[in-house]
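Engineer: Take a look at the letters that make up each chain.
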Amino acid sequence: MEALKQELKNKIITTLNLEDITIEDIADNDPLFGDGLGLDSIDALELIVILDKDYGIKLVDPKEGKTIFQSIESMAAYISANRTK
Amino acid sequence: MTQKTYIQSYITIQNNEIVLNGDSIFKIEPTDFADFSKQAYRHFEIQYPKFFKMDALSKLAFLGSELLLSPLVSADQENNIALVLANKSSSLDTDVKYQESISDKDNYFPSPAVFVYTLPNICLGEISIRHQLKSENTFFIFDAFNTEFLSNYSNILLNTNKADVVLCGWVEFFNDSYKAFLCTISKEENTKYKNENINTLYNK
Amino acid sequence: MIREVYITETNCITPLGFDVPSNISAIVHGDSGIQRHEDASLMPVPFYASIISNEKINAAFEKISSTKYSRLEKLMILALEPIIKNSKVALNSKTAFILSTTKGNVTALKVDSEENFNNAHLDVLAQNVADFFQFKTQPIVVSNACVSGILAVSVAKRMIQSELYDNIFIVAGDEVSEFVLSGFNAFQAMSDSPCKPYSKNRTGVSLGEATAAVLVSAEGEKAKIKVIGDSSINDANHISGPSRTGEGLFRSIQNALQEAQINASQIDYISAHGTATPFNDEMEAIALNRLDLQKAPINSLKGFYGHTLGASGLLETVIAIESVNQNMLFESKGFDEIGVSETINVIHKNEEAKIKYFLKTASGFGGCNTAVVFEKVKHELH
Chain R
1 MEALKQELKN KIITTLNLED ITIEDIADND PLFGDGLGLD SIDALELIVI LDKDYGIKLV
61 DPKEGKTIFQ SIESMAAYIS ANRTK
Chain V
1 MTQKTYIQSY ITIQNNEIVL NGDSIFKIEP TDFADFSKQA YRHFEIQYPK FFKMDALSKL
61 AFLGSELLLS PLVSADQENN IALVLANKSS SLDTDVKYQE SISDKDNYFP SPAVFVYTLP
121 NICLGEISIR HQLKSENTFF IFDAFNTEFL SNYSNILLNT NKADVVLCGW VEFFNDSYKA
181 FLCTISKEEN TKYKNENINT LYNK
Chain W
1 MIREVYITET NCITPLGFDV PSNISAIVHG DSGIQRHEDA SLMPVPFYAS IISNEKINAA
61 FEKISSTKYS RLEKLMILAL EPIIKNSKVA LNSKTAFILS TTKGNVTALK VDSEENFNNA
121 HLDVLAQNVA DFFQFKTQPI VVSNACVSGI LAVSVAKRMI QSELYDNIFI VAGDEVSEFV
181 LSGFNAFQAM SDSPCKPYSK NRTGVSLGEA TAAVLVSAEG EKAKIKVIGD SSINDANHIS
241 GPSRTGEGLF RSIQNALQEA QINASQIDYI SAHGTATPFN DEMEAIALNR LDLQKAPINS
301 LKGFYGHTLG ASGLLETVIA IESVNQNMLF ESKGFDEIGV SETINVIHKN EEAKIKYFLK
361 TASGFGGCNT AVVFEKVKHE LH
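Protein chains in written order, with the UniProt record's numbering: chain R, 1 to 85; chain V, 1 to 204; chain W, 1 to 382.
Hint data in this document are derived by calculation from the structure and do not stem from the laboratory. Just so it is clear, CB atoms sit at the ideal spot from N, CA and C, and this is done for glycine as well. Be aware that a few hints might be false.
[As the list claims (entries may be wrong)] Each computed DSS-like pair below joins lysine-lysine, with the alpha-carbon atoms no more than 25 Å apart: (1) V:Lys97 x R:Lys11; (2) V:Lys97 x V:Lys38; (3) V:Lys105 x R:Lys85; (4) W:Lys63 x W:Lys85; (5) V:Lys105 x W:Lys295; (6) R:Lys11 x V:Lys38; (7) W:Lys110 x W:Lys222; (8) W:Lys376 x W:Lys295; (9) R:Lys66 x W:Lys200; (10) W:Lys356 x W:Lys224; (11) R:Lys53 x V:Lys105; (12) R:Lys85 x R:Lys53.
[Stated by the list, open to error] Heads up, incomplete: computed chain R residues facing chain W, CB under 10 Å, no partners named: (13) Leu37; (14) Ile42; (15) Leu45; (16) Val49; (17) Thr84.
Please build the complete structure, drawing on both the sequences and the hints.
Structural biologist: So this is what it looks like as structure tokens:
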């Protein structure tokens, strides 16, 4: 689980082009959207692509993303329970 | 009635150099645009993390407009500055990247963050957001820099009071080859560029 | 005295017909161009879209030329050809040509070659179409996302008012391609059934393809409509999502009404954007309420044509002009139960109505919005 969280932080920083942010800057429970990392709606769509591409999870309802992408913690939990690759 | 309009300021970005009103204000050793734009961003101490999410065309337009508009725009009042930009390659640089992401059917993961930049006018949106410009916006495509059209169209916006200032110019980016030429035009008399037109400044 | 500006010729090429009368008759009958498609070369999964058949395009094009053109070029030439002929306007230095599109010949990028790459350039597309008709002036391409089609009318009006030109032909067009289908799908914006603008159960966009053409002119003798106000204001909010307050659209309409010197209450009909995404339709309802336009009859033609991107604003204007001149409000196809938080007066079924002023609006990626106000022309009987 710890490794997955690190992996996710890395992916988020590189895929979403978060310049000037390091893995250490992101706490497991920090909100990813709004006041936290400040991700926006396009980033949310990119996270859906990451789930599909890297973990073989297809979100049927994009609204599910809201709870899944709350934090690194919630994302990692969802991925480890549902991943197909 | 048709009033005379004047170039207020202009900026050129090409060949790893930024020239503002004729003065070189930033120049580095030859490098790619990604590196050049990042170094310019750092050099001018711009605080705007969204910059790094932009595609190259938007970064180019953003950098040019940043240096021209920052002295002009104030946060506590409305700024009616229209944006009229043009180029030859539209968003083709990003279009090609996006097309690559959908051409392999076994690795078919179209990226929304890339797709959104497959429209040339997105760079106008980026500039509008940055400077909170709720103003006239149009993106045109021509085979080459079209001085006559851009100055005519800017004059129309100024003379019909659809804008107080027009930021107009050329932002061309394809395959790491780039040139931006932007200028601000308004009715305010400016003797500095009296005998020059957009074309002579563009070719400087 | 500022010159008056008119639209004197119109045409459109869509799945519902290759001229204006056939499109109107299809709309009156409630036909839609949107169908279910299973075509792996366009999308890995089945999808709904409004697509023109290749056989029809080729059959129509053979009658006017045997030269090789891209599919979109054929559609654009087909839209322009009859109106250029009919108008008898000389294609001289006072006649301009505007082409509006979002993606042009982007399908050329599918097969990598220098020739294809060159053809994917929008200025090359415009020059190819211009050369077919031998325009003497350099083509002007407007590429401003989903407002392109109606923004071109606004650009044309301004250039005619400034006396740069006397006549401007506009063609607007976009195709349904793998490129845009995959992109809208990645945006989770595609509807899994024909789109339902403003409805409670709307689930997103159906894409479509079309071309439309008009002649914008300073000469009002054969005018179909008068262009009396326009504005295109950016939201300055987000590059892919509309402003929650509809600020850019609100200001665009406000400015257009002001230039037209009429009040919101004088607008008899609104041909709106209505893409059927949750956010767009909601944003429009908010902007219209802020302007006190909630009572004006409104439709979105996306239920008939899908979202035809750079063509949509012009295509919908062409249809709206027929509404005015035939005294008929067309249903907003796909609409059932209101699904926006503020009241708007969506047209349920075709009905007769006198329309003096109408408003056309559009909004698109990049935060752009355009509003244009039109006035019915009274022709003096001789």
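Engineer: Among all the numbered hints in the text so far, which are the ones the structure does not match?
Structural biologist: As far as the earlier hints go, 5, 7, 13 and 17 are violated by this structure, in ascending order.
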